[in-house]
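Protein chains in written order, with the working numbering: chain D, -3 to 267; chain C, -3 to 267; chain S, -3 to 267; chain E, -3 to 267.
Honestly, the hints are just simulated from the structure, not real lab data. Accuracy of the hints is not assured; some may be wrong.
No distinction is drawn between identical chains; accordingly, a pair holds when it is met within one copy or between any pair of copies.
To be verified - With a straight-line cut-off of 20 angstroms between C-alpha atoms, the simulated EDC-like cross-links for lysine to aspartate or glutamate are:
1) K16 x E241
2) K194 x D130
3) K125 x E141
4) K193 x E168
5) K193 x E181
6) K262 x E122
7) K16 x D260
8) K118 x D36
9) K118 x E128
10) K249 x E159
11) K193 x E144
12) K107 x E174
13) K172 x E35
14) K194 x E241
Small disclaimer: the values here were computed from a predicted structure and weren't measured.
Number of protein chains: 4
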Amino acid sequence: MAIGRETIENMLKLSNPKWKTFLTRVEPNRLTTRGYSQEDIIGNISFSEMVYLLIKGEIPPRNESKMLEAILISFCDHGVTPPSTQAARLMASTGSPMHACVSGGLLAFGKHHAGAIEQTMKTIQEGVKRSEGDLDRVARELVNESLENGNMIPGFGHRYHAEDPRAPKIIELARKYECSGMHTELALTIESILLEKKGIRMNIDGANAGILSDMDFDWSIGTGIFMIGRLPAIISHVHEEKTREAPFRKIFKIDEIFYDGVDDRKIIKKC
Amino acid sequence: MAIGRETIENMLKLSNPKWKTFLTRVEPNRLTTRGYSQEDIIGNISFSEMVYLLIKGEIPPRNESKMLEAILISFCDHGVTPPSTQAARLMASTGSPMHACVSGGLLAFGKHHAGAIEQTMKTIQEGVKRSEGDLDRVARELVNESLENGNMIPGFGHRYHAEDPRAPKIIELARKYECSGMHTELALTIESILLEKKGIRMNIDGANAGILSDMDFDWSIGTGIFMIGRLPAIISHVHEEKTREAPFRKIFKIDEIFYDGVDDRKIIKKC
Amino acid sequence: MAIGRETIENMLKLSNPKWKTFLTRVEPNRLTTRGYSQEDIIGNISFSEMVYLLIKGEIPPRNESKMLEAILISFCDHGVTPPSTQAARLMASTGSPMHACVSGGLLAFGKHHAGAIEQTMKTIQEGVKRSEGDLDRVARELVNESLENGNMIPGFGHRYHAEDPRAPKIIELARKYECSGMHTELALTIESILLEKKGIRMNIDGANAGILSDMDFDWSIGTGIFMIGRLPAIISHVHEEKTREAPFRKIFKIDEIFYDGVDDRKIIKKC
Amino acid sequence: MAIGRETIENMLKLSNPKWKTFLTRVEPNRLTTRGYSQEDIIGNISFSEMVYLLIKGEIPPRNESKMLEAILISFCDHGVTPPSTQAARLMASTGSPMHACVSGGLLAFGKHHAGAIEQTMKTIQEGVKRSEGDLDRVARELVNESLENGNMIPGFGHRYHAEDPRAPKIIELARKYECSGMHTELALTIESILLEKKGIRMNIDGANAGILSDMDFDWSIGTGIFMIGRLPAIISHVHEEKTREAPFRKIFKIDEIFYDGVDDRKIIKKC
Chain D
-3 MAIGRETIEN
7 MLKLSNPKWK
17 TFLTRVEPNR
27 LTTRGYSQED
37 IIGNISFSEM
47 VYLLIKGEIP
57 PRNESKMLEA
67 ILISFCDHGV
77 TPPSTQAARL
87 MASTGSPMHA
97 CVSGGLLAFG
107 KHHAGAIEQT
117 MKTIQEGVKR
127 SEGDLDRVAR
137 ELVNESLENG
147 NMIPGFGHRY
157 HAEDPRAPKI
167 IELARKYECS
177 GMHTELALTI
187 ESILLEKKGI
197 RMNIDGANAG
207 ILSDMDFDWS
217 IGTGIFMIGR
227 LPAIISHVHE
237 EKTREAPFRK
247 IFKIDEIFYD
257 GVDDRKIIKK
267 C
Chain C
-3 MAIGRETIEN
7 MLKLSNPKWK
17 TFLTRVEPNR
27 LTTRGYSQED
37 IIGNISFSEM
47 VYLLIKGEIP
57 PRNESKMLEA
67 ILISFCDHGV
77 TPPSTQAARL
87 MASTGSPMHA
97 CVSGGLLAFG
107 KHHAGAIEQT
117 MKTIQEGVKR
127 SEGDLDRVAR
137 ELVNESLENG
147 NMIPGFGHRY
157 HAEDPRAPKI
167 IELARKYECS
177 GMHTELALTI
187 ESILLEKKGI
197 RMNIDGANAG
207 ILSDMDFDWS
217 IGTGIFMIGR
227 LPAIISHVHE
237 EKTREAPFRK
247 IFKIDEIFYD
257 GVDDRKIIKK
267 C
Chain S
-3 MAIGRETIEN
7 MLKLSNPKWK
17 TFLTRVEPNR
27 LTTRGYSQED
37 IIGNISFSEM
47 VYLLIKGEIP
57 PRNESKMLEA
67 ILISFCDHGV
77 TPPSTQAARL
87 MASTGSPMHA
97 CVSGGLLAFG
107 KHHAGAIEQT
117 MKTIQEGVKR
127 SEGDLDRVAR
137 ELVNESLENG
147 NMIPGFGHRY
157 HAEDPRAPKI
167 IELARKYECS
177 GMHTELALTI
187 ESILLEKKGI
197 RMNIDGANAG
207 ILSDMDFDWS
217 IGTGIFMIGR
227 LPAIISHVHE
237 EKTREAPFRK
247 IFKIDEIFYD
257 GVDDRKIIKK
267 C
Chain E
-3 MAIGRETIEN
7 MLKLSNPKWK
17 TFLTRVEPNR
27 LTTRGYSQED
37 IIGNISFSEM
47 VYLLIKGEIP
57 PRNESKMLEA
67 ILISFCDHGV
77 TPPSTQAARL
87 MASTGSPMHA
97 CVSGGLLAFG
107 KHHAGAIEQT
117 MKTIQEGVKR
127 SEGDLDRVAR
137 ELVNESLENG
147 NMIPGFGHRY
157 HAEDPRAPKI
167 IELARKYECS
177 GMHTELALTI
187 ESILLEKKGI
197 RMNIDGANAG
207 ILSDMDFDWS
217 IGTGIFMIGR
227 LPAIISHVHE
237 EKTREAPFRK
247 IFKIDEIFYD
257 GVDDRKIIKK
267 C
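Bound conformation, chain D alone:
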């Protein structure tokens, strides 16, 4: 047969790729991410610029890069109070390797925890869309709806802080870096209504949800941004548990576990 194997493979390969990506081109001795060679990127952009470049395809203007850096850092750590950190440390205590413990920590990022930021971003992005410029009306609708349903709007209120110290700081930076717009405004309007009615303030998720939305991040990437910011702490907590605590320690005493099921049943032999 006249057609060589390589020719045939070349014919087939382009028509049926297993994977397509616009993120990074891999060639022998060459790596190109979002169009930039990695040698050009390494050492020349900041980590937050790298994050922005990967997610949005562009190196952001200076102000937005500083803003994103501050947002990532605002998620840095909340001690051992979050279930994600507790879960990661429980795993570390069993002798699981670092990468498994960190993965496990991230699995606790459900909708009531780190997932909250996505819901806030979604709510705010939809709110601005339907506002026709009247943010006050939308804010009142959202607050009333949440009060009627008995659900707090995610992004407002915090179970440890009456005033989350990170929120005003990040809002201040958003002004400084000129990254706030209608979404941040809507979040602040909701806060002022909630503060009056219920004494509840914006938390860091609410503030970041507004700013990230004004920076044109889609809501579906919100938990991703949170994960990037929190990861170094989860790694540090796993390391701390592994190096400072006895392995497989009893974190709970047996009398902190309460059995409230049935008792004293007997199997009538069946097998």
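Following the hints, position chains C, S and E against chain D.
Quick look at chains C, S and E alone, frame taken from chain D:
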């Protein structure tokens, strides 16, 4: 002070348990699960009875225990076609330990994969509830709705099988063990309509969703049952990859990955 | 060109499979696992026979199938004391979906927890190999070594039970089902030495490690067997947390978390 | 009783904390990380300084902060070739949520993949310790040992690049930022021997292992640093799969999966 530490601890502990469970009581030298001592359980009930006991709190009648055993086995394996199995083997190939690979496999049980059974159970359970006995009407509504939206009803059709060989077998067993009722009937009615209109049959998820619903399992436990049935295969696949294949092998050739992003950009030095 | 695309694809495909497996053949409308059609398997073998078939390639004799079933059930649950169960429930509390919570639970199966059974199996299997029939000598060596290093031999001693109630029961069944041999004997010999010297008994991992080794399971599959046995309980615990407890509840009070780091530092502005 | 509940709780709480941490103090309306209030940190340090602060407890000098930033970015992405990225995209394709897909991707960071950097760091750190200044001798020993065992030293050679373009760039920056020392020197010495003997060069793991060791990072934190650098890409790949590809697509064709097990067996009825 007259009050001993132990007294104080006893006073405090009952009022604030960290965990409550009705599953298993743990006492020194004694383990009681759903009211039965574990020495009594071990060797005296079958694995499917154990599953049923844990989830529903009772050892089931013989017929239901045989039925659940058949359902678990019907989920046993689908070779290397499911993304969960592929993901677990990819991880095994990197040298991750068994428990991490198995965990990773389960993470691929999203709504389009193992998660489908829950959606089918939910659809069928809600369908029977609103049927007022008229399953035919509900079946037609569900089919029409799905055809209009262009979404297949989960539990029907299979990407590898025009006729999923497991479905008729498990339906036959449901008749034999007298475990089929209105939910299975609704699933079969949907199938007959879909078969006529589109040549599409029930798959194993659809069949099991009907039977499990007739056995009074809540839809939210569906993916759990699937996981129990599939776990032995995921473990076996991880073991196979680890023992029969070269570590960190290239499963994809580089030309099966297609880059369709931008090219040839240069950073204007900023740092 | 005279050669059709299908021909070319057929030429290429056999020479370069992405995946190889001896577990299940997938063909349109046909599934064959370890050589048996799945219609033939479903309803005709027990769950423990399925597990054995997948892992070892054969349907076991009746006695071994009953033995394996008892072993799986002996791992069934230990309430909310294991870190794996605690981690899975922590995740459930954050609103993570079932499959993510279960995965997370398994990530806590490190070497000090479920991973212990693999180490016990390895120790016992190597011990029998080098014993030349003199189990007593090997048992003494293993005990002395562990006492010198200050490490307990995994499989002996339990942090909640002086006498793990599951161990004697499973050993009794191993006698009944004629599944005990030199490995179980070695485990029992170690126990009798440890009991005399330190008052320490075999736990369920130690007992099962001996029996599984006598049933010719490789040590590397030990954690896998544990996972199969424990999975139904993890699913039940996740379900219990999701249905009986408030979402995102504070499992720990803030004063149960102790900060012992530095304080009162100030950043000298750098950015 | 004269002693109030609060007093008793205060008496007990300090003596038995569930968790200890030196990372972050959580108080109402106040968060202090490594001694700095978070309001002071946010907006005032860079992301790599935050990483350094969490892991090592200090804000690093400017040079080291720039070095760590470049190292994090050097891990940014390798397209769809790594099993971790493939696994995360497989999960995304099944409809698993973002946080579960990202966790799953990290589970593929086994010892042959991202875990390699830890082994390289360990090898290099032990090598420098036993070198007594004679790096050349240690480098020769390490190379000879690896050639005899047929194992490549991790950190050298790359399955896609004869010359990993990231390695010389990061070494150049280590010179510029004065972050290279004996560990980097040992890595370079190994490279020069391997290059002469086998034509093999250092990859990015080898280069970073040397530099991170010179910056006094313990080898056990290596995979952690890799994870921080790679996470934004995994998130971006999951987002890409979810937004640009059909859900539950067949990534492999059925004829790319090869069954090489037994066939045509029949169950002799047992149940």
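Here is what the structure says about each hint:
1. Taking CA atoms no more than 20 angstroms apart as the test, K16 paired with E241 passes between copies only; the shortest distance there is 9 angstroms, against 45 angstroms inside one copy.
2. Proximity of K194 and D130 under a CA criterion of 20 angstroms is satisfied in neither setting, with 23 angstroms inside one chain copy and 49 angstroms between copies.
3. Taking identical chains as interchangeable, the C-alpha atoms of K125 and E141 lie at most 20 angstroms apart only when both belong to the same chain, with a minimum of 17 angstroms there against 29 angstroms between chains.
4. Taking the shortest Cα distances, K193 and E168 never come within 20 angstroms of each other, neither inside one copy (24 angstroms) nor across copies (59 angstroms).
5. When the C-alpha separation of K193 and E181 is checked against a cutoff of 20 angstroms, the pair qualifies only within one copy, where the shortest distance is 18 angstroms, while the shortest distance between copies is 52 angstroms.
6. Proximity of K262 and E122 under a CA criterion of 20 angstroms is satisfied in neither setting, with 57 angstroms inside one chain copy and 36 angstroms between copies.
7. With identical chains, the CA atoms of K16 and D260 are at most 20 angstroms apart between copies only, with a shortest distance of 19 angstroms across copies and 60 angstroms within one.
8. For the homomeric pair K118 and D36, neither the shortest alpha-carbon distance inside one copy (36 angstroms) nor that between copies (30 angstroms) is at most 20 angstroms.
9. Taking CA atoms no more than 20 angstroms apart as the test, K118 paired with E128 passes inside one copy only; the shortest distance there is 17 angstroms, against 38 angstroms between copies.
10. Only between protomers do K249 and E159 lie at most 20 angstroms apart by alpha-carbon distance; the minimum there is 19 angstroms, versus 33 angstroms within a single protomer.
11. Only within a single protomer do K193 and E144 lie at most 20 angstroms apart by alpha-carbon distance; the minimum there is 13 angstroms, versus 45 angstroms between protomers.
12. When the C-alpha separation of K107 and E174 is checked against a cutoff of 20 angstroms, the pair qualifies neither within a copy, at 30 angstroms, nor between copies, at 40 angstroms.
13. In this assembly of identical chains, the alpha carbons of K172 and E35 lie at most 20 angstroms apart only when taken from different copies (15 angstroms versus 32 angstroms within one copy).
14. For a Cα distance limit of 20 angstroms, the shortest separation of K194 from E241 qualifies neither inside one copy, at 42 angstroms, nor across copies, at 25 angstroms.
Hint compliance for this structure: hints 2, 4, 6, 8, 12 and 14 are not met, and every other hint is.
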